[in-house]
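Protein chains in written order, with our numbering: chain X, 4 to 241; chain G, 4 to 234; chain C, 23 to 312.
One or more of the hints may lead you astray.
[As the list claims (entries may be wrong)] Here are some chain G residues pointing at chain C (derived, C-beta under 7 Å):
| hint | residue |
| --- | --- |
| 1 | K56 |
| 2 | P59 |
| 3 | Y89 |
| 4 | A197 |
The hints are simulated quantities; they were obtained by calculation from the structure and are not laboratory data.
Note that CB positions come from ideal geometry on N, CA and C, so glycine has one too.
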Amino acid sequence: MISIRNISKSFGNNHVIKNLSLEISKGERVVVLGPSGCGKSTFLRCINFLEPITGGEIYFHNQLVTTKNAEAVRQKIGLVFQQFNLFNNLTVLENLTLAPTELGLLTPTGAKRKAMRLLRHFDLQDKASAYPSRISSGQKQRVAIIRALMMDPELLLFDEPTSALDPESISEVLDLIRELAKNGLTMLIITHEISFAKEIATRMCFLNNGTIEEEDAPDVFFNHPKTPRLKEFLSKVL
Amino acid sequence: MGDFFTKIAELFNNPVYLNALLRGLGLTLQISIAAALTGLIIGTAVALIGIAKPTPWLKIPKFLARVYVTVIRGTPMALQLFIMFYVVFTFRGFPELITAILAFGINSGAYVSENIRAGILSVDIGQTEAGLALGLSHRTTMQKIVLPQAVKNVIPAIGNELIALIKETSIVSMIGMYDLTMAAKIIGSGNNMASYLVPMSVAAAAYLIVVYFLTFVIKKIEKRLRAGDLH
Amino acid sequence: MKRKKSLSRSKKSPTIWPKVAKIAIPILLVILSIFLFMKFRRPADIIVHTNAFFAPFEFYKGNQIIGVDVDIMNRVGQKLNKTVAFTNVEFSAIIDNVEKGKVCDVGAAGITITEKRAEKVNFSIPYYTSVQYVIYPKGVSLNSHPHYFTWQDLTGKTIGVQTDTTGWIFTNDEITSGSLQDTSTVLKNFDSAELAADGIKSHLNHVVIVDELPAKYIVNRTPQFACLPLYQTTSTGIEPVQEQYAIAVNKDQPELLSAINETLSEMLIRDSSGYNEIEKLVLKYMDLSE
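With the sequences and hints as input, model every part of the structure.
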């Protein structure tokens with residue numbers, strides 16, 4: 004579905020991403036691990052062109068992604084942020100219905116119906132008219148994920164979804180992601196939750212120094228790491 | 004000293020003088036409020052032009068916006084007022100109230116645009132990122148998500164601008180408009196009290212009371228807006 | 023101009039204050055002593071307040087104030103063997119300043135004698151008679167008589183005046199209790215006669231009423247304006263609206279007042295040319311100030 008070929012991203016003289024390549028097919032769940040500050044967040048933002056790449060190409064369904072069609076591509080690729088980024092001036096319900104109605108994908112009533120259905124499914128229906136400042140962080144992140152789901156994305160990107168949560172809230176969010184995995188949603192997740200990664204990933208990636216240094220099936224990745232730096236990293240985190 | 008207070012009593016006991024002050028105060032408020040609103044509109048436009056990504060379409064508007072802000076901030080308000088009255092709006096029958104509102108509004112817009120710019124930029128960038136990540140256009144993201152939040156940040160600045168205008172508009176008394184300062188000038192002139200000390204003091208007190216009241220109201224509004232932000 | 027940026031609260035370490043004090047206090051002391059020095063040293067024996075925008079009586083030539091009033095007061099200073107200094111202030115402040123007597127002793131600014139003013143200060147003998155003039159745009163025939171205006175000619179018009187001048191006083195009286203009562207005649211106060219005259223060009227007012235000499239200056243400079251004297255109907259017939267200038271003296275300075283009166287009497291003597299000295303000075307300075 005998505006073909007990332009030799010992309011690079013620099014900010015001035017700072018080369019954050021160098022020659023990174025990755026292929027993701029439908030139904031896959033790719034988890035990216037790596038030391039902090041090596042451009043993992045930037046990498047995600049390059050995929051949906053929130054950050055335009057300075058080298059290489061990205062193909063989505065065999066179509067080259069450029070700044071011109073980025074907006075359309077973003078409708079199909081969702082992004083869940085570490086800091087949730089719910090729209091503070093809108094209620095939970097409005098957060099969910101804004102994009103589909105503005106982009107003409109759903110009528111206001113249709114959007115509301117779909118939103119309420121999703122909220123009910125995840126037991127958040129009584130928060131529908133609450134403002135983001137009034138709900139817990141775990142609830143915020145779940146709402147953020149549902150907001151992305153409202154667009155029926157083909158691929159969902161997660162940027163350290165649980166790193167800003169207090170420990171009690173982490174499991175509710177991971178449960179939600181597990182359910183999405185069960186329904187076959189294609190995902191690319193950046194996380195520090197190792198056991199969760201082991202459980203959910205169909206493929207593991209090690210992102211270090213702006214490029215993917217190792218890519219394996221989970222058990223190979225964790226039990227027989229090939230590159231010395233990955234070995235070193237795993238010994239630190241496990 | 005006692006003489007001062009007798010004269011003040013004299014002023015307050017004179018309905019003609021009180022009327023004059025009220026009439027002047029009315030005009031001061033009219034001009035200030037209308038100019039503040041005008042400045043808000045102009046300032047928002049200038050701020051948005053300044054923030055927008057530099058496309059070729061925007062080269063000229065961006066340049067004009069910068070010139071506008073530089074010139075207005077670099078020249079005294081009195082001169083701007085004179086130019087508006089004596090050079091620009093010299094058409095027969097053109098209402099001087101409109102000229103005054105435009106003069107102060109254009110002046111206010113240049114200063115306020117900076118506050119609005121800061122207010123917009125101070126909205127967390129994550130809000131914009133989330134909007135764009137959903138596929139919304141820059142414009143929709145700005146309109147529906149960023150600007151509504153920027154308003155909260157900008158309200159105290161606009162409030163302060165209104166207060167500044169209340170005092171600034173006193174220079175219209177130089178060219179014949181009947182504002183609060185003109186009322187004081189007339190009450191103090193040879194034919195009336197023949198002394199400026201008392202009417203000027205009373206007018207100053209009036210300005211002070213109005214400003215104090217507005218400050219109080221703005222603080223209240225700020226509090227209410229912040230109340231929704233408890234995390 | 024007046025915009026203050028909000029001060030951010032930066033945390034200053036406690037040890038910075040002694041340093042600040044060491045620099046700030048000496049500076050403040052220096053400023054304070056300069057201020058006190060200036061305040062208490064008298065620049066001259068006789069201080070005259072004037073508004074140097076009223077040619078030919080007082081006006082700026084470069085940095086200097088010159089004019090008829092300046093010459094008169096300098097003559098007085100010579101007579102008393104005292105130094106004289108002139109300060110430019112707002113016209114409307116002069117009478118109050120002379121009354122208080124703290125910052126000046128005399129006001130010489132083509133001041134018209136009025137009852138209310140005479141309550142506060144002593145006036146010298148009158149030394150010039152000035153007629154109120156009407157400045158109007160050429161080609162607009164408002165006046166019924168070819169050589170002068172009457173109040174009736176100005177019914178329903180917007181009249182520009184300079185704040186707190188006799189032009190203002192007379193016009194205001196006429197509108198509130200005179201022949202222009204209950205008409206739609208409007209009075210507009212400007213900070214100066216020039217601003218009032220410019221107002222005609224901007225359609226803020228139709229005419230300007232101001233003293234003869236400032237009117238003639240403005241009209242000389244502005245080809246589209248003309249001026250004519252203002253006449254009023256009295257019990258004895260039709261006469262010009264006029265007033266007399268005098269010098270205002272603080273009430274606690276009788277010797278100064280008599281010296282001024284003596285000087286003026288000398289200068290008011292008409293000689294063979296038919297002019298007195300003051301009239302000659304007026305003509306002289308009218309040429310100079312062009």
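- Hey, does the G/P59 contact hint survive, CB to chain C under 7 Å? G/P59 check fails; min Cβ-Cβ to chain C is 34 Å, beyond 7 Å.
- Task: Mind checking the CB of G/Y89 against every CB in chain C and telling me if the closest is under 7 Å?
- Result: Where the cut-off is 7 Å and the nearest Cβ of chain C is about 5 Å from G/Y89, the hint holds.
- chain C contact restraint on G/A197 - CB to CB distance below 7 Å: holds (4 Å)
- Item | Hint validity - G/K56 Cβ closer than 7 Å to any chain C Cβ | violated (28 Å)
Against the hints set out earlier in the document, violations occur for numbers 1 and 2.
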